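Number of protein chains: 2
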Amino acid sequence: MTLLVQKFGGTSVGSVERIEQVANRVIESQRAGHQIVVVVSAMSGETNRLLALAKQVDDEPTPRELDVLLSTGEQVTIALLCMAIHKRGFEARSYTGSQVQIVTDDAHTKARIQNIDVERIRTDLNHNRIVVVAGFQGVDGNGNITTLGRGGSDTTAVALAAALQAAECQIYTDVDGVYTTDPRVEPHARRLSHITFEEMLEMASQGSKVLQFRAVEFAGKYDVNLRVLSSFEEGPGTLITYDEEDSMEQPLVSGIAFNRDEAKITLVGIPDTPGMAYKVLGPVGESNIEVDMIIQNVGEDGTTDFTFTVHRNDFKRVLEMMQTLGKELGAQQVTGDDSIVKIALVGVGMRSHAGIASTMFEALAREGINIRMISTSEIKIAIVIDEKYLELAVRTLHAAFGLEQQD
Amino acid sequence: MTLLVQKFGGTSVGSVERIEQVANRVIESQRAGHQIVVVVSAMSGETNRLLALAKQVDDEPTPRELDVLLSTGEQVTIALLCMAIHKRGFEARSYTGSQVQIVTDDAHTKARIQNIDVERIRTDLNHNRIVVVAGFQGVDGNGNITTLGRGGSDTTAVALAAALQAAECQIYTDVDGVYTTDPRVEPHARRLSHITFEEMLEMASQGSKVLQFRAVEFAGKYDVNLRVLSSFEEGPGTLITYDEEDSMEQPLVSGIAFNRDEAKITLVGIPDTPGMAYKVLGPVGESNIEVDMIIQNVGEDGTTDFTFTVHRNDFKRVLEMMQTLGKELGAQQVTGDDSIVKIALVGVGMRSHAGIASTMFEALAREGINIRMISTSEIKIAIVIDEKYLELAVRTLHAAFGLEQQD
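For the record, the sequence lines run as chains P and R. Letter by letter, the first sequence follows residues 47 to 453 of the working numbering. Letter by letter, the second sequence follows residues 47 to 453 of the working numbering.
Worth double-checking, as some hints may not be accurate.
It does not matter which identical chain is meant; a pair holds if it fits inside one copy or across any two.
Restricting the straight-line Cα-Cα distance to at most 30 Å, the calculated cross-link-like pairs of lysine-lysine (DSSO-like) are [to be verified]:
1. K325 with K373
2. K101 with K267
3. K362 with K434
4. K156 with K133
5. K362 with K325
6. K101 with K133
7. K362 with K133
8. K373 with K362
9. K325 with K156
10. K101 with K362
11. K362 with K156
No wet-lab data here; the hints were simulated from the structure. All values derive from a computational prediction rather than experimental measurement.
I would like the entire structure built from these sequences, with the hints used as guidance.
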């Protein structure tokens, strides 16, 4: 008897009818001989409804209370799903994050899972119960309700799969797998039958909406087999695996990720002294704001330009922070731009092949697209361009690397 | 510095605007030099919305899961209220029933409070925080979420006031106090400046909607000063006090309570043997169904008729139960009626005055109202009549005892 963790997102539980479909699917899996732990999100629209209520009260609601509020969304879904399973004559038991004891740190609205107590779940599974756990939420060491941030339900599912040593963690979603790029931007995008954790990590961190970054990170770290598949259609989805040995057969580029939610901030002409990067980014990290790309040009006159990108939501706050900090540090100027996007080519095949970057830059140059920032890793080349070029750039690169033709 | 527990019901927190008003009022009380613990219900309509969702899934939803679902209602309110308090520059901290550790038994949907851990609340109060607790909910010994049944937020407030030895437990509601009877039925009904616990108990148990029965019971038992007052208007409300010594000044009748939600069931011609009442009512109690009036007539031929009333919601279930049980016990017939109502005259003054019952029966007889059942206690005379006579009977009795004229 294998144990499966199945996660259903907001769209998959968006109405009572859909919750009933999830009940059917989950029961089917149990009848096929599996032990089933289900992780669910809030019904689609619910989190936004709650957020709107909070914003009506306060534009910047207290994080602790926002978590108390938002965590009700998943709590509603777990109860309804268990009712639907019971109605069909099967046993189920729901758990909130604090009931399972999904213990997190105390970073409200973006907490990180530290520990999961699976004893209760094991007991239920041994009694043939389907266990239904609220995604996205946990509890800190002092019993305060925390949430993991948007998309956190994926992380909950993977963390549970790791803690329970599940055979597979299946992420049911409204798409039928991971694509070479977003099909809404490039209609010729193709579903990948598999992708490596490393690639998926780069895809997720670059803004591919299918899976949450931390979920993939977790899955890779704890050796969880992760599969993305559709809640609405049958199909194998995309399996996220370890890097295969036979890299000869691997494509150069597996996919193109992009992220519209970027903003960049530059401190122009700050003294080029040791520790400057820390002085600039320390306060940002302490505010729990994630910094994405960081670029520093070597200066000539003892000063340098320091540029980094953050989520667009954090732009205003970070810009204000930098305007104050810039003065203290002696910057000549602080500039910002929140109409930029990031595009990344991702592929483990890049490791053994040169020339990807030049093909990329050439293709973009041909279309007159100016590259504002470049950052690379072993399996990724990321660029920042003006927002208006996003679609053109994605389609150009998709074609340039023949992504629609491979299989 | 005195400690006040203030409870705001669903209508008082029915919108963001009203939640903001509650925030203002609570802060005002704190600024007046009190320590404040606030108990809130779900926003009005929310519990019904959640219940409707559950009924869409299953006509008889699993009680455990229903509690998980319904408890989200108050959780939303505590978060929003704390946000509103923070926005005004004051400190507040929200707690769900399981966070405070309002420990209950495991009778889902109608659990009873067993214990409250107030340590956390004390710490917050000592830090000048306003503590906001979700009403209506608790947690059983195994960490399962429970609810106390409709109106349970009053019970939460009183139980907290008792555990914290609060100076007063203030129940803010949409009426400005306890009335001689429901003003919607008798426009001449008058607000009582005070009422005794015993009277209030009888009023509450007879269906007066102002306060929940168990809340008053709790308040009396643990010596909590209870005050009912309006969330929308200024005013002293009604103080619920201990029986005053000087009973000379007390009115004969303080109020008239009534309850539309009654149904009666009769087992006709069951053997008149010892233990029969237990055999009939034991199974009802085990099903956690509350029985209200019980009447047994002395029989002549070794058999007797046994009648009792239950809440109308439980009628069908209990009737079926009795039809089976009646056969086993040898009843000639089992009959039921769910179009009855109960009316009760309540007053501690009755103790020292005779003739109340005859005045009552005479007034009703004059209007041609047939009395179906009678039950009395030291401070109450309750009758069951046909539903259609409810309004007429209440107005007739209100006038007969001069309730509109006293003060």
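Right, here's what the structure says about each hint:
no. : hint           : result
1   : K325 with K373 : within (12 Å within a copy, 85 Å between copies)
2   : K101 with K267 : neither (37 Å within a copy, 42 Å between copies)
3   : K362 with K434 : within (21 Å within a copy, 66 Å between copies)
4   : K156 with K133 : between (35 Å within a copy, 21 Å between copies)
5   : K362 with K325 : within (19 Å within a copy, 72 Å between copies)
6   : K101 with K133 : between (37 Å within a copy, 11 Å between copies)
7   : K362 with K133 : between (50 Å within a copy, 20 Å between copies)
8   : K373 with K362 : within (17 Å within a copy, 76 Å between copies)
9   : K325 with K156 : within (23 Å within a copy, 57 Å between copies)
10  : K101 with K362 : within (18 Å within a copy, 45 Å between copies)
11  : K362 with K156 : within (19 Å within a copy, 49 Å between copies)
Going through the hint list in order, the structure does not satisfy hint 2, though it satisfies all others.
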